[in-house]
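Please take these sequences and the hints and turn them into a complete structure.
Chain residues, written in single-letter form:
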Amino acid sequence: MIIAENVTVSFRRAFGRRLKALDGLSLGIREGDAFALLGPNGAGKSTAMYCLMGLIKPDSGTVSVFGKRPYPGAEIFKDIAYLPEEPHYHQYLTVEECVAYYASLYGRKIPRKKVREAIESVGLTEFRDLKVKKCSKGMKQKMGIAQCLVASPKILFLDEPTRGLDPLFSKLLREVLVGLNADGVTIVINSHVLSEVEMICNRAAIINRGKVLVEDDLSALQKLEERIYSVEFTCNRSIPEYVQVTARGRETVKGEMPAERLEDFFEYVRSEGLKVYECSLKKNTLESAFLDILSGEA
Amino acid sequence: MKEALIGNLKANLKFFKRNRLLLALLVLLIFIPALFSIPGFLMNSTGNRLKSVMFLYSEMSRFAWMIGAGSVLFFISHHLRNRSLKLVFTKPFTPEMWLLAGLGTSAALTLLVFLAVILICEILFLLWNISFQWGLLYMAFYDYSSSVMLIFYMGFLAVIFHPAMAVLFALIFQEGTFLFLKGVLKAAGGDAGGLSALLVKGIKAVVDLVYFVMPTFTPFEEHASKVHGSLRLEPGSFKYLLLSVNYAVVVSAAFFLLSAIFLKRKRLI
Chain A
0 MIIAENVTVS FRRAFGRRLK ALDGLSLGIR EGDAFALLGP NGAGKSTAMY
50 CLMGLIKPDS GTVSVFGKRP YPGAEIFKDI AYLPEEPHYH QYLTVEECVA
100 YYASLYGRKI PRKKVREAIE SVGLTEFRDL KVKKCSKGMK QKMGIAQCLV
150 ASPKILFLDE PTRGLDPLFS KLLREVLVGL NADGVTIVIN SHVLSEVEMI
200 CNRAAIINRG KVLVEDDLSA LQKLEERIYS VEFTCNRSIP EYVQVTARGR
250 ETVKGEMPAE RLEDFFEYVR SEGLKVYECS LKKNTLESAF LDILSGEA
Chain B
0 MKEALIGNLK ANLKFFKRNR LLLALLVLLI FIPALFSIPG FLMNSTGNRL
50 KSVMFLYSEM SRFAWMIGAG SVLFFISHHL RNRSLKLVFT KPFTPEMWLL
100 AGLGTSAALT LLVFLAVILI CEILFLLWNI SFQWGLLYMA FYDYSSSVML
150 IFYMGFLAVI FHPAMAVLFA LIFQEGTFLF LKGVLKAAGG DAGGLSALLV
200 KGIKAVVDLV YFVMPTFTPF EEHASKVHGS LRLEPGSFKY LLLSVNYAVV
250 VSAAFFLLSA IFLKRKRLI
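Order-wise, the sequence lines are chains A and B. Under numbering that gives the first Met the number 0, think of the first position of the first sequence as 0, with each following residue one higher. Under numbering that gives the first Met the number 0, think of the first position of the second sequence as 0, with each following residue one higher.
I should point out that these hints are in silico values taken from the structure, not numbers from a laboratory. We treat Cβ as the ideally placed atom computed from N, Cα and C, and that holds for glycine. You may find that some hints are simply not true.
To be verified - Rough simulated footprint, nothing fancy, chain B against chain A, three-plus residues with beta-carbon under 8 Å:
{"id": "1", "segment": "47 to 59"}
{"id": "2", "segment": "65 to 77"}
{"id": "3", "segment": "94 to 103"}
Claimed, not checked - Calculated pairs, SDA-like style, for lysine to any residue (alpha carbon to alpha carbon, straight line, at most 20 Å):
{"id": "4", "chain 1": "A", "residue 1": "Lys108", "chain 2": "B", "residue 2": "Pro91"}
{"id": "5", "chain 1": "B", "residue 1": "Lys85", "chain 2": "A", "residue 2": "Glu85"}
{"id": "6", "chain 1": "B", "residue 1": "Lys9", "chain 2": "A", "residue 2": "Arg115"}
{"id": "7", "chain 1": "B", "residue 1": "Lys1", "chain 2": "A", "residue 2": "Lys253"}
{"id": "8", "chain 1": "A", "residue 1": "Lys112", "chain 2": "B", "residue 2": "Ile5"}
{"id": "9", "chain 1": "A", "residue 1": "Lys253", "chain 2": "A", "residue 2": "Glu214"}
As structure tokens, then:
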């Protein structure tokens, strides 16, 4: 559905110098994917997203969306919605006018009722007559989400979607995005919040210095470590030598131990009369995979 | 496309309606006739009163020109600088359509201002028992077509330059400057000899070329000033008006194409 092949983008700097933002970036996003672009600051995630939408013309390489080359205002955008990273909206319009204006650009007659429903779904009903320039960052972000929802897109590009949002709305947004993805909407997210990506996405690409280091299913990136157990149990003076303590709380101890010592561990907690709060195969988090890949590259 | 264009025109009108600087200029436009019509009320002769209306018209039409040029400069610069266009062009709405809608809204706003100018003049005609002068309508049409040309030219400058640079460029690179330079070089060419004569010749060629390429915003000026001086129409007047309008359409279309090309080359992120 979205393919980037060997894309190179460089920005002009002072005295004729050029900064390579993307350096032979290649990735493929399938229909129905919830795809995350991950990477440290300045890795080229936003540039990659701009390229995928045709806002930046690559110096070399090709990008295709729905089998066509994207360019500003192209026909393919009738099925695409985009939430920008920075809330640069039409400041002189009110929230409702702004959502209605962006909806009108799709060239379809979108009834006012649908616009108001989208505003209501993001909890901005009481602020719909407020000018955008007077809205807080979070409200602008919510408005941006509303203008995405009103378009009923097939592809949703989200650049840092939960930036500036309160935890309650972040949770709600996650649920909305998971729901949209379940309905077949392809989602492309650029985010720093890895826990959020874990909950929404099924695939991810880790980018650094304009190159894709890894592109895989999230389940493959977060593979289970079958030889190690993570445990949390009541604090005790003597802790077996095979338990490697990772965190010590006021009442509990967290640690890791080899799978072959599981029977010994249960024997130990039974004999000492301790409570076990957690005992599970260690699961690599996206964060650890992300850090491992980046440190491996360095 | 119709829905998108209407939605865009509505949003553009709201931009102009909520722009305080533009509003201040419009308020000033109301003060000009109020101020300049005072002498007319103190005069008794119809001839003097007619002259007063003509003077008032030229002041107000100059102001209408400024409003047209200023509005498009505000509009394009504001949208390019606040980076909101990436939300417009990630919809099925092309940069050309956005530009056309913006320039069209400015042209419509200027038309409204010119209609207001005609209305004010007509009210003064009625107050002072002067019959309606068709030459005034002719001049308004001529000035409006020039104003549309200026809107498209300023639109082009706003796309490629910072607004302050655009104003500076428009003030320096104009027909009058190069006409003056042509005169200076002609005078200098007569006195110079040897190497300096060659240098003057080279500069003159460049100035002549720029003067030739540079569009005029007052085509067939001598005919227009004749009408403006007396507000009387002559048999051939309309031929020149038609030619002026055609010229305005061609120049505006050329600047529109150039603006669209440059806008599409910009990184709107």
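Hints, one by one, checked against the model:
no.: 1; hint: 47 to 59; in the structure: holds (count 4)
no.: 2; hint: 65 to 77; in the structure: holds (count 7)
no.: 3; hint: 94 to 103; in the structure: holds (count 6)
no.: 4; hint: A/Lys108 x B/Pro91; in the structure: holds, 14 Å
no.: 5; hint: B/Lys85 x A/Glu85; in the structure: holds, 11 Å
no.: 6; hint: B/Lys9 x A/Arg115; in the structure: holds, 18 Å
no.: 7; hint: B/Lys1 x A/Lys253; in the structure: violated, 64 Å
no.: 8; hint: A/Lys112 x B/Ile5; in the structure: holds, 19 Å
no.: 9; hint: A/Lys253 x A/Glu214; in the structure: violated, 32 Å
Figure legend: structure checked against the earlier numbered hints; hints not met, in rising order: 7 and 9.
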